[in-house]
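Residues per chain, in single letters:
Number of protein chains: 2
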Amino acid sequence: MSTFQPLESDASFQPDCELCREAGGVMVFQARHWRVIRVEDEAFPAFYRVVWRPHVREWTDLSLAHQAEVLGVVDAVERVLRATLSPAKINLASLGNMTPHLHWHVIARFEWDSRWPAPIWAPSAREVAPAPRERLAVGLDPLDAQVARAVAALAPGA
Amino acid sequence: MSTFQPLESDASFQPDCELCREAGGVMVFQARHWRVIRVEDEAFPAFYRVVWRPHVREWTDLSLAHQAEVLGVVDAVERVLRATLSPAKINLASLGNMTPHLHWHVIARFEWDSRWPAPIWAPSAREVAPAPRERLAVGLDPLDAQVARAVAALAPGA
Numbered sequence: 001m002s003t004f005q006p007l008e009s010d011a012s013f014q015p016d017c018e019l020c021r022e023a024g025g026v027m028v029f030q031a032r033h034w035r036v037i038r039v040e041d042e043a044f045p046a047f048y049r050v051v052w053r054p055h056v057r058e059w060t061d062l063s064l065a066h067q068a069e070v071l072g073v074v075d076a077v078e079r080v081l082r083a084t085l086s087p088a089k090i091n092l093a094s095l096g097n098m099t100p101h102l103h104w105h106v107i108a109r110f111e112w113d114s115r116w117p118a119p120i121w122a123p124s125a126r127e128v129a130p131a132p133r134e135r136l137a138v139g140l141d142p143l144d145a146q147v148a149r150a151v152a153a154l155a156p157g158a
Numbered sequence: 159m160s161t162f163q164p165l166e167s168d169a170s171f172q173p174d175c176e177l178c179r180e181a182g183g184v185m186v187f188q189a190r191h192w193r194v195i196r197v198e199d200e201a202f203p204a205f206y207r208v209v210w211r212p213h214v215r216e217w218t219d220l221s222l223a224h225q226a227e228v229l230g231v232v233d234a235v236e237r238v239l240r241a242t243l244s245p246a247k248i249n250l251a252s253l254g255n256m257t258p259h260l261h262w263h264v265i266a267r268f269e270w271d272s273r274w275p276a277p278i279w280a281p282s283a284r285e286v287a288p289a290p291r292e293r294l295a296v297g298l299d300p301l302d303a304q305v306a307r308a309v310a311a312l313a314p315g316a
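Keeping their order, the protein sequence lines are chains L and R.
Residue numbering for the first sequence is 1 to 158, as defined by our numbering.
Residue numbering for the second sequence is 159 to 316, as defined by our numbering.
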């Protein structure tokens, strides 16, 4: 388990930005430029975020080399979710309207989930029982560990 | 204006897939591997899609070289939208739950839009008048032309 370290000494640090100040979820792995967290969302238990550690607003504010670095991490998280959970679909998104600090959502979607086939931000379409996390093929702790191993291999100097 | 050409001779072609069979919006530019369309959405007029032409389901089904090719196109579309429209935020997403044929949404968001600051898939929060397309700093035809020029520069052999 990585520990969250805010980049308070970085020129980009914004004390009023939630993703500058806080991890934003369960810490999975932290590298020099990015961290991976798991979002604690009961409806979507296999929901990870790749957060760029410096405060950057838009995707095109990153250099192409840094875009490639982030996308490599997104790619690795998606591969673990596909291999372990066999989801109906992976959803990727970088929105940030409310928290304009660059982060990518990587979400495993299932036909039983409460919004399927709509995006997760649509109104709920059904009650889900048993609870979503009970339906995953693996528990969240071993899933986090697999994600951490996959992305650690991409961290410079790892 | 590019013309849509379905890849009927490609082994991946799925006749029941909407994005194999149809352009999916206003054709902006077509290259060998991808096309750019503008989605005709009254609420979100500056909404483009980068569609991978062969029928591929998930992002990680693409090779890293093809991922980089697609992301270069997404990057170019985002840059044109930022430079011409000064949106409050750009939203990027690859979902495909209903149409599992790889495509990226590139959407300019504004504080006046009907869902702001929620994702576009959330319920509408307000009426917008005058109409969204009247509020853009440039018309949709010149915007399409600028997007087409930007992505044409990325097309192999262009």
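Hint data in this document are derived by calculation from the structure and do not stem from the laboratory.
Mixed in with the good hints there might be a few duds.
So these bits of chain R aren't anywhere near chain L, every CB distance computed over 12 Å [unchecked claim]: (1) E166; (2) M185; (3) T218; (4) V296; (5) L298.
Just a few of them, taken from the derived set where beta-carbon distance is under 7 Å, the chain R residues facing chain L [to be verified]: (6) H213; (7) E216; (8) E236.
Okay, the calculated beta carbon distance ranges per label pair [stated by the list, open to error]: (9) A201/R x S63/L: 43 to 49 Å; (10) W121/L x V184/R: 23 to 29 Å; (11) D168/R x E18/L: 43 to 49 Å; (12) T161/R x E18/L: 45 to 51 Å; (13) D299/R x A43/L: 40 to 46 Å; (14) T161/R x C17/L: 44 to 50 Å; (15) A169/R x P142/L: 34 to 40 Å; (16) T161/R x L154/L: 37 to 43 Å; (17) E176/R x Q5/L: 43 to 49 Å; (18) A246/R x A137/L: 24 to 30 Å.
The beta carbon of each residue, even a glycine, is placed where N, CA and C say it ideally should be.
Handout entry: Enumerated hints in conflict with the structure, sorted upward
Key = 3, 6, 9 and 18
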